[in-house]
Amino acid sequence: MGEWSFLGDFLEKVHKHSTVVGKVWLTVLFIFRMLVLGTAAESSWGDEQSDFMCDTQQPGCENVCYDKAFPISHVRFWVLQIIFVSTPSLVYMGHAMHTVRMEEKRKMKEAEIEARENKNGGDTYYQQKCSVAKEETKLSGWDEAGGQIILRGSLLNTYVYSILIRTAMEVAFIVGQYVLYGIFLETLYICQRAPCPHPVNCYVSRPTEKNVFIVFMLAVAVLSLFLSLAELYHLGWKKAKERCSRSYKASPSTAPGRLESAPQAERPQMYTPPPDFNQCLSSPNGKFISPFSNKMASQQNTANFATERVHGQEDAAGEGPFIKSSYVESPEVASECAAPAFPENYFNEKRRLSKASRASSKARSDDLSV
Amino acid sequence: MSWAFLRDLLSGVNKYSTGIGRIWVAVVFLFRLLVYVAAAENIWKHEHDEFECNIKQPGCENVCFDHFFPVSHIRFWALQLIMVSTPSLLVVFHVAYRENREKRHNQKLYKNPGKIDGGLLCTYLISLILKTGLEIFFLILFYKLYNGFKIPRLVKCDIKPCPNTVDCYISKPTEKMIFLYFLVATSCLCIILNLSELSYLMFKYSTKCYLKRHVKNQQ
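Residue numbers (full-length UniProt numbering), protein chains in the order written: chain A, 1 to 370; chain B, 1 to 219.
It cannot be assumed that every hint is accurate.
Said to hold, decoys possible - SDA-like mimics (lysine to any residue), calculated; alpha carbons at most 25 Å apart, straight line:
{"hint": "1", "chain 1": "A", "residue 1": "Lys-105", "chain 2": "B", "residue 2": "Tyr-205"}
{"hint": "2", "chain 1": "B", "residue 1": "Lys-108", "chain 2": "A", "residue 2": "Glu-110"}
{"hint": "3", "chain 1": "B", "residue 1": "Lys-108", "chain 2": "A", "residue 2": "Met-97"}
{"hint": "4", "chain 1": "A", "residue 1": "Lys-109", "chain 2": "A", "residue 2": "Ser-154"}
{"hint": "5", "chain 1": "B", "residue 1": "Lys-150", "chain 2": "A", "residue 2": "Glu-48"}
{"hint": "6", "chain 1": "B", "residue 1": "Lys-45", "chain 2": "A", "residue 2": "Glu-103"}
{"hint": "7", "chain 1": "B", "residue 1": "Lys-156", "chain 2": "A", "residue 2": "Lys-210"}
{"hint": "8", "chain 1": "B", "residue 1": "Lys-160", "chain 2": "A", "residue 2": "Pro-59"}
{"hint": "9", "chain 1": "B", "residue 1": "Lys-208", "chain 2": "B", "residue 2": "Leu-189"}
{"hint": "10", "chain 1": "B", "residue 1": "Lys-115", "chain 2": "A", "residue 2": "Met-97"}
{"hint": "11", "chain 1": "A", "residue 1": "Lys-68", "chain 2": "B", "residue 2": "Lys-212"}
{"hint": "12", "chain 1": "A", "residue 1": "Lys-210", "chain 2": "A", "residue 2": "Ile-183"}
{"hint": "13", "chain 1": "B", "residue 1": "Lys-212", "chain 2": "B", "residue 2": "Lys-103"}
To be verified - Ranges between beta-carbon positions, derived for each pair:
{"hint": "14", "chain 1": "A", "residue 1": "Gln-57", "chain 2": "B", "residue 2": "Met-83", "range": "24 to 32 Å"}
{"hint": "15", "chain 1": "B", "residue 1": "Phe-93", "chain 2": "A", "residue 2": "Ala-115", "range": "27 to 35 Å"}
{"hint": "16", "chain 1": "A", "residue 1": "Val-100", "chain 2": "B", "residue 2": "Leu-89", "range": "24 to 32 Å"}
{"hint": "17", "chain 1": "A", "residue 1": "Ser-44", "chain 2": "B", "residue 2": "His-48", "range": "49 to 57 Å"}
{"hint": "18", "chain 1": "A", "residue 1": "Val-179", "chain 2": "B", "residue 2": "Lys-212", "range": "18 to 26 Å"}
{"hint": "19", "chain 1": "B", "residue 1": "Asp-49", "chain 2": "A", "residue 2": "Ile-183", "range": "30 to 38 Å"}
{"hint": "20", "chain 1": "B", "residue 1": "Arg-75", "chain 2": "A", "residue 2": "Leu-180", "range": "55 to 63 Å"}
I should point out that these hints are in silico values taken from the structure, not numbers from a laboratory.
None of the values given here were measured: they were computed from a predicted structure.
Glycine included, C-beta positions come from ideal geometry on N, C-alpha and C.
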């Protein structure tokens, strides 16, 4: 079991930067495949050749019959399956780490530029550089405040490709296992191969116990396949939804405030977030209350509410051309709102309750961690 | 067998490697070390007990096994893994030497002791050449020792005290062959990675040198 810690350490890092379904998949991999393989299955197959008995005294006959019956042992097959199925996630992790490293280099360069500019006193150039750097941050998919990777652009593509390849590997191994051994192991194997003088009866050791594990591992493989497909669907659906809402956003009348505030929404918590429209709308009960009494303010409310709706749709897709892979605190849409300043914690509480803040609630306790 | 030491060593190496170097470390960990420990070791566990000759003459099996497997495949690969990972230690030692030097002189001698430039670049290149050389050496040695990359099902043996040519049967030849091909393929992949890293570094630093010289000439 200790040998799997090699792979386990790598996959822990992947676990940090995965979607929820990805985390579930990793947990299934760790517990139901690696752990079961390392502890139970290995000992069940431990005496597979020594207890493989053939009804003959001919030396060498058992060897060749065992070799014919089991070209590759189930356990070794599953080891290879786990390794090949985990590899695409590691490629994604490599890309993510590369992104992190590029981001750190960029930050260092920024700091150098800042130091240089402060010396020279050239503010405007620095501001330009800063804004360019912010653009790069957005493109790179790195959230400074949360320290998490945001799935967008090329990183999202890598993630999707890794899931596709993983799915293909699962299917290949499931089909491979079926082609090699079928589903169940037979107790009796009839073998005719030199130097066996005639067809001999060979008896597999512990066939029932092995069948239990074979069915279990097959079921877990199918479950992993299903999880991979679910993740693909989840990502694809989100992307399609976001594209739809983007085309909806393209019509000019609906959300002027949203477009202006989009850079602010995406910018991480380096600035004090402007008051959230949710503060105006939501109460502890989640009901709508209007703190305004005049007509103009309530007209503004209606406009802002429409804005919030649009933002809520986009939040479901993940605020523009990316999908949040982790629950990271980020400031909500800035809309004009004359509500009184709420204390920080209350603000965060409201975020959880309001519809529009779906994508930005804190990491929940029910997120699986391995 | 505890490979944790090698794992810790290679994790240290990872810090001072280029991108391709990190891929090499990942390939060595996953496709060689993990496969060796989780799968291959168990296949070769009882190879001597399961090696059977068609004879009752005592001692015949022993001498035949010894003749056909002077070094067991699995031990050969363990040795190969260790030897191939060791040159990376040179880089770690050099970085430690740099840091030590900075501490002794109490001043910042290097912009970044871990950055691959100057003397460390030479050490890195030497380690790459050694790694590649050792991989190729082990592959050729394996080929010569076992007459190719194959594991036959049946071998014929007529060494004393076997009274005549006897048939001896190797256990699990198909499974052993699958893992043999796998480990040879990963070995070749590691050679390719090392060679690409070597050419990338040489190209990068010769371009840097050339540009520096060009700028100097212009000035």
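Hint-by-hint comparison with the structure:
no.: 1; hint: A/Lys-105 - B/Tyr-205; in the structure: holds (20 Å)
no.: 2; hint: B/Lys-108 - A/Glu-110; in the structure: holds (22 Å)
no.: 3; hint: B/Lys-108 - A/Met-97; in the structure: violated (28 Å)
no.: 4; hint: A/Lys-109 - A/Ser-154; in the structure: holds (23 Å)
no.: 5; hint: B/Lys-150 - A/Glu-48; in the structure: holds (24 Å)
no.: 6; hint: B/Lys-45 - A/Glu-103; in the structure: violated (48 Å)
no.: 7; hint: B/Lys-156 - A/Lys-210; in the structure: violated (35 Å)
no.: 8; hint: B/Lys-160 - A/Pro-59; in the structure: holds (19 Å)
no.: 9; hint: B/Lys-208 - B/Leu-189; in the structure: violated (28 Å)
no.: 10; hint: B/Lys-115 - A/Met-97; in the structure: holds (18 Å)
no.: 11; hint: A/Lys-68 - B/Lys-212; in the structure: violated (65 Å)
no.: 12; hint: A/Lys-210 - A/Ile-183; in the structure: holds (11 Å)
no.: 13; hint: B/Lys-212 - B/Lys-103; in the structure: violated (30 Å)
no.: 14; hint: A/Gln-57 - B/Met-83: 24 to 32 Å; in the structure: violated (44 Å)
no.: 15; hint: B/Phe-93 - A/Ala-115: 27 to 35 Å; in the structure: holds (34 Å)
no.: 16; hint: A/Val-100 - B/Leu-89: 24 to 32 Å; in the structure: holds (27 Å)
no.: 17; hint: A/Ser-44 - B/His-48: 49 to 57 Å; in the structure: violated (24 Å)
no.: 18; hint: A/Val-179 - B/Lys-212: 18 to 26 Å; in the structure: violated (59 Å)
no.: 19; hint: B/Asp-49 - A/Ile-183: 30 to 38 Å; in the structure: holds (31 Å)
no.: 20; hint: B/Arg-75 - A/Leu-180: 55 to 63 Å; in the structure: violated (29 Å)
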